[in-house]
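Here is how the chains run, residue by residue.
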Amino acid sequence: MSARSSAVGRRSRTRTAELGMWIFLASEVLFFGVLFFAYIMGRLHHPQAFAAASRHTDLLLGSINTAVLLTSSLTMALAARAARGKRWRPCAGLLAATFVLGLIFLTLKLLEYHEDFDQHLVPGVLFSLVSADRSGLEQFFLTYFVTTGAHAVHLLVGLGVVAVLTVRVIRARAQLPTEMVEVGGLYWHLVDIIWIFLFPLLYLVSRT
Amino acid sequence: MSRSKQAEPRLIAYFGVWLALMVLLSLTIASSFVPIGHWNLAINLLIAVLKALLVAVFFMRLRDSSPLIRLAAVVGIVWLCILVGLSLTDVLTRGG
Chain A
1 MSARSSAVGR RSRTRTAELG MWIFLASEVL FFGVLFFAYI MGRLHHPQAF
51 AAASRHTDLL LGSINTAVLL TSSLTMALAA RAARGKRWRP CAGLLAATFV
101 LGLIFLTLKL LEYHEDFDQH LVPGVLFSLV SADRSGLEQF FLTYFVTTGA
151 HAVHLLVGLG VVAVLTVRVI RARAQLPTEM VEVGGLYWHL VDIIWIFLFP
201 LLYLVSRT
Chain B
209 MSRSKQAEPR LIAYFGVWLA LMVLLSLTIA SSFVPIGHWN LAINLLIAVL
259 KALLVAVFFM RLRDSSPLIR LAAVVGIVWL CILVGLSLTD VLTRGG
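Protein chains in written order, with the working numbering: chain A, 1 to 208; chain B, 209 to 304.
FYI, nobody ran anything at the bench for these hints, they're computed from the structure. One or more of the hints may lead you astray.
[Claimed, not checked] Each computed DMTMM-like pair below joins lysine to aspartate or glutamate, with the alpha-carbon atoms no more than 25 angstroms apart:
no. : chain 1 : residue 1 : chain 2 : residue 2
1   : A       : Lys86     : A       : Glu179
2   : A       : Lys86     : A       : Glu138
3   : A       : Lys86     : B       : Asp298
4   : A       : Lys109    : A       : Glu179
5   : A       : Lys109    : B       : Asp272
6   : A       : Lys109    : A       : Glu138
[What the hints assert, rightly or not] Derived DEER-like restraints, expressed as beta-carbon distance ranges:
no. : chain 1 : residue 1 : chain 2 : residue 2 : range
7   : B       : Leu235    : A       : Gly85     : 50 to 58 angstroms
8   : B       : Glu216    : A       : Pro47     : 41 to 49 angstroms
9   : A       : Leu111    : B       : Leu235    : 24 to 32 angstroms
10  : B       : Val286    : A       : Leu44     : 19 to 27 angstroms
11  : A       : Leu44     : B       : Phe223    : 18 to 26 angstroms
12  : A       : Glu115    : B       : Val286    : 49 to 57 angstroms
13  : B       : Glu216    : A       : Leu142    : 41 to 49 angstroms
14  : B       : Ser234    : A       : Ala163    : 30 to 38 angstroms
15  : A       : Arg89     : B       : Ser234    : 29 to 37 angstroms
16  : B       : Leu258    : A       : Val125    : 40 to 48 angstroms
17  : B       : Leu276    : A       : Gln119    : 17 to 25 angstroms
18  : A       : Phe31     : B       : Ser234    : 29 to 37 angstroms
19  : A       : Pro47     : B       : Leu254    : 29 to 37 angstroms
[Unchecked claim] Computed footprint of chain A on chain B; a stretch qualifies when at least three of its residues, placed anywhere within it, have a C-beta under 8 angstroms from a C-beta of chain A:
no. : region
20  : 228–235
21  : 250–259
22  : 275–289
23  : 294–301
The structure presented is a predicted model; accordingly, all values stated were derived computationally and were not measured. A virtual CB, placed ideally from N, CA and C, is assigned to each residue, including glycine.
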């Protein structure tokens, strides 16, 4: 009887933790929504400049990074599945894989930023692109750096979460509540979804 | 409650979703090189929404979540649409 009631308690706690994370994610959607709105305003007012500026982003690195992040969502979902089945060894391995993929994403993003700095694509006095609508070009890259920067910070937080989960799964195993992997995974997937929208809006404005 | 009764999705299903995501990524990149004007934006956004839905429904398990969790998942998007929509009614209808 007591075992059964504790099982019920655990189940409802799982749902509470998941619900809490979803509500937090809704607030994150609104946070990024403001940045997306800034993008919409810029693109409405400077359509040609946004198209021209977008061609200066690195499509190859951006595409590879999108594939890397989508794959990290797969390993994260598989890690949560392993945790639900109490298969802790594969769970730890999949979490570690997610961490490595996230690290690859951030490394490539930093390489790309380095490239952008070298080509003087940072808005300001040294901004190198010339056109009749220079402020439109600068606005695109301002939006680019702010949105991808905010995304990178979120990914960094995600890396911290995944690292802690990996260590705890290796150390604690049976004592670890499975919903921890589940809830951490929800956050990771949201960061992936934000990138799913950033990628076409920043890299694919005009490639024809 | 309903989740505990439901069987865990098969492993192959996860790889199927991943494959679909990769195909959609290739499609969105390839379609960008076809000159079809505003349709490029429409296709890119449609594919982004499809990819986000795949991640949310399968990887984030909205497929077998309780109605309460599904409600929490859509509420942020709904509010965002209201805020952006109402703001755009101003921006898009200003003369000159």
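Here's how the hints hold up against the structure:
Pair hint Lys86 (chain A) plus Glu179 (chain A) holds up; C-alpha atoms about 11 angstroms apart against a cutoff of 25 angstroms. Simply put, Lys86 (chain A) and Glu138 (chain A) have alpha-carbon atoms about 51 angstroms apart, too far for the 25 angstroms limit, and the pair is violated. Distance check on the hinted pair: Lys86 (chain A) and Asp298 (chain B) sit about 53 angstroms apart at the alpha-carbon level, beyond 25 angstroms; violated. Restraint check: the Cα-Cα separation between Lys109 (chain A) and Glu179 (chain A) comes to about 31 angstroms, which exceeds 25 angstroms; the hinted pair is violated.
Proposed proximity of Lys109 (chain A) and Asp272 (chain B) is contradicted: the alpha carbons are some 34 angstroms apart, above 25 angstroms. The straight-line distance between the Cα atoms of Lys109 (chain A) and Glu138 (chain A) is roughly 20 angstroms, inside the 25 angstroms bound, and the hint therefore holds. Between Leu235 (chain B) and Gly85 (chain A) the CB atoms are about 33 angstroms apart, so this pair departs from the stated range of 50 to 58 angstroms. A C-beta distance of roughly 48 angstroms is found between Glu216 (chain B) and Pro47 (chain A), which places it inside the suggested range of 41 to 49 angstroms.
A C-beta distance of roughly 26 angstroms is found between Leu111 (chain A) and Leu235 (chain B), which places it inside the suggested range of 24 to 32 angstroms. Evaluation of the 19 to 27 angstroms hint for Val286 (chain B) and Leu44 (chain A) yields a pass: the beta carbon distance comes to about 23 angstroms. Between Leu44 (chain A) and Phe223 (chain B), the C-beta spacing of about 40 angstroms breaks the proposed range 18 to 26 angstroms. Take Glu115 (chain A) and Val286 (chain B): their Cβ atoms lie about 38 angstroms apart, and the range 49 to 57 angstroms is violated.
At about 45 angstroms, the CB distance of Glu216 (chain B) to Leu142 (chain A) agrees with the hint of 41 to 49 angstroms. With their beta carbons about 31 angstroms apart, Ser234 (chain B) and Ala163 (chain A) fall inside the hinted range of 30 to 38 angstroms. For the pair Arg89 (chain A) and Ser234 (chain B), the supplied restraint of 29 to 37 angstroms holds, since their beta-carbon distance comes to about 34 angstroms. In this structure the supplied range 40 to 48 angstroms holds for Leu258 (chain B) paired with Val125 (chain A), their Cβ-Cβ distance being about 42 angstroms.
Checked against the given bound of 17 to 25 angstroms, the beta carbons of Leu276 (chain B) and Gln119 (chain A), roughly 49 angstroms apart, lie outside it. Taking 29 to 37 angstroms as the suggested C-beta distance range, the pair Phe31 (chain A) and Ser234 (chain B) conforms, at roughly 30 angstroms. At about 20 angstroms, the beta-carbon gap between Pro47 (chain A) and Leu254 (chain B) misses the expected band of 29 to 37 angstroms. Judged by the Cβ-Cβ criterion of 8 angstroms, the region 228–235 of chain B is covered by chain A as claimed, because 3 of its residues qualify and three suffice.
Taking a C-beta to C-beta cut-off of 8 angstroms, the region 250–259 of chain B contributes 5 residues in contact with chain A, enough for the three needed, and the coverage statement holds. For the region 275–289 of chain B, the assignment as covered by chain A holds, since 9 residues bring a beta-carbon within under 8 angstroms of that chain's beta-carbons and 3 suffice. For the region 294–301 of chain B, the stated coverage by chain A is satisfied: 4 residues place a CB nearer than 8 angstroms to a CB of that chain, which reaches the threshold of 3.
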